[in-house]
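Chains as they are written, first to last, in our numbering: chain A, 5 to 418; chain B, 6 to 136.
No lab work stands behind these hints, which were simulated from the structure alone. One or more of the hints may lead you astray.
[Claimed, not checked] Under 7 Å between C-beta atoms, here's a sample of chain B residues computed to sit facing chain A:
{"id": "1", "residue": "V22"}
{"id": "2", "residue": "G23"}
{"id": "3", "residue": "A39"}
{"id": "4", "residue": "K64"}
{"id": "5", "residue": "G67"}
{"id": "6", "residue": "C68"}
{"id": "7", "residue": "W81"}
{"id": "8", "residue": "G84"}
It should be emphasised that the depicted structure is a prediction, and the values quoted were computed from it without experimental measurement. Note that the Cβ used here is the ideal one computed from N, Cα and C, for glycine as well.
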Amino acid sequence: MSSTRPGENRPANRPVYLDYQATTPCDPRVVEAMLPYFTEKFGNPHSRNHLYGWEAEDAVERAREQVAALIGADPKEIIFTSGATESNNTALKGVAHFYRDKKDHIVTLVTEHKCVLDTCRHLETEGFKVTYLPVETNGLVDLARLEAAITERTAVVSVMAAHNEIGVVQPIAEIGAICRRHGVFFHTDCAQAVGKIPLDVNAMNIDLMSISGHKIYGPKGIGALYVRRRPRVRLQALINGGGQERGMRSGTLATPLVVGLGEACVLAKAEMEAESARLTGLRTRLLEGLRARLPEIYVNGDLDHRLPGNLNISFAFVEGEGLMMGVKDLAVSSGSACTSASLEPSYVLRALGLDAEMAHTSLRLGLGRFTTEAEVDFAIDHIAEAVTRLRSLSPLWDMHLEGIDIKSIQWAEH
Amino acid sequence: MSYSDTVVDHYEHPRNVGALDQADSAVGTGLVGAPACGDVMKLQIKVSAEGIIEDAKFKTFGCGSAIASSSLVTEWVKGKTLDEAAEIKNTDIARHLALPPVKIHCSVLAEDAIKAAIADYRRKTPQEPPQ
Ligand SMILES: Cc1ncc(COP(=O)(O)O)c(C=O)c1O
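Extracted from the complex, chain B is given alone in its bound form:
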């Protein structure tokens, strides 16, 4: 299987690898996928008092496309509001990375990771900060 240059770039130079403090009330954590299925993504977002995602970090167990999908979304969510971030679609991720059909599930998982991180943040901080 050959990968697109964009996938290779994210795989070789992943953006925003790391972890944020899960105990911080400004941090939302999404952990999606399953080891038995061959991919697990952990995506964390840090939300400012103004409701803007000011930082994002990821760690991923998976193939090159899974790593690239999660690396890409950490770039995309930064600077967005939670509602804007929730609108990121797997199809946009797949298109940007030129994923072949067998790799679409990687982009789906990345979208799920964003949604899970947002849901976790909202659960921890039910009061949405004033807009």
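Okay, chain A solo, but in the shape it has when bound:
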């Protein structure tokens, strides 16, 4: 390997990156695999008449096999897109529009990513009906409730495998079995799950799966959609044109990005087991380290059914955005939406039944391939110091120490 691993030799003025659910750095091995396809092997993979086209096509088809191999699919079932947002749009709008004469209902969860929820909202304006199922306080869906929501008119059930904010992993195989039993398609947004937890489209009865490159150490601007061929799922294309990707997604494929996604899948597959164990260990170290230093901290979302590299913690009596400012040597994100125009905290945390005040105190800590034990130890110190300092500034912390229940106070909501 020619270049250093990201995260190593971090310059002093760069914060420690603990936001791996937002995005991941490209693995240097991925970059290396991509490079020739920017320069000498620049051909259009759809050019059938010369070497340039053929070598690009070969690279694309190899990548298709690599993506398929990671999820137990046939390469013909993979179409390349610009990312999980496009894959989710294509899957949901594509199925809804194709089957609209017989089916007009979609089942999803209130905690899905905005690109699924917003797509569903859009479909509602076209006359489709959408059931947004609640989740339990641990973030998991109640399977009986999901099954009960399916009707004769249901075209597709869409449930993400691993959550971007709280990391919880839904019972995908069980949901797949329910969908198959009822003859409805099962779409799963696996942007966060692919390459992190084992997935098999056949064992799990998945009909459509969305994949993103930049969440798995591949490049940004590339993703894939798995579309089952047997029994066949049909889609109405979102993007019309030259009929590439079996007519489901026209446009010249971005060969270097496709190659990068393929390489990212190869690496994820080879390293998943060891990496998963390593990250679970680091996550436990982080959580135990924080718990040893700080009382009144709460993990949001189920800790057992969870991505190895995710923690979402409420630090009671300390506001999340203020806390992020205090941990300026860490790159993390908060469930407090104080930065946005609305003062509403995360809809995901609210869906778990968290009080708005607890939702305002959360941080998401995302660990990944380049996170080291030393970085975790640094994060523990840094967060513990910031929380302790901010609690010494917090009137709510004082009330807590005096035994006053802050819910008993008549607050003037503004």
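With chain A's structure known, arrange chain B with the ligand on it following the hints.
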């Protein structure tokens, strides 16, 4: 979001953090905001026999701008009469801290905190001391 140097300075070195004795008749306490909205400010003033604010303390649950706004007003109210302190406007706070539009509510809350502390003091000590 990037913060102004003034906000960062108040956030990292907050002035007048702490509490005054709420039972003291010379102390007025303002508690404004709500945990559910992501910010709560507690501002206390101690008023001298001459009607001058001689001490001020705060504690705030909130973002950096909320902490800075309340820290700043503890500096501003000290040495002022109650009427002078009541004239501090959120726009002055916002300007001094260079708050972006989404953070204006922090300065509004700081102004409310001053007014609430003054009202509490006046409630406890209805007889304004001789000027
Ligand atoms: C669960 C989930 N779905 C979809 C997306 C969107 O992915 P992309 O950035 O590839 O469009 C993301 C990333 O933000 C995600 O975490």
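Which of the stated hints cannot be reconciled with the structure, identified by number in ascending sequence? 2, 7, 8
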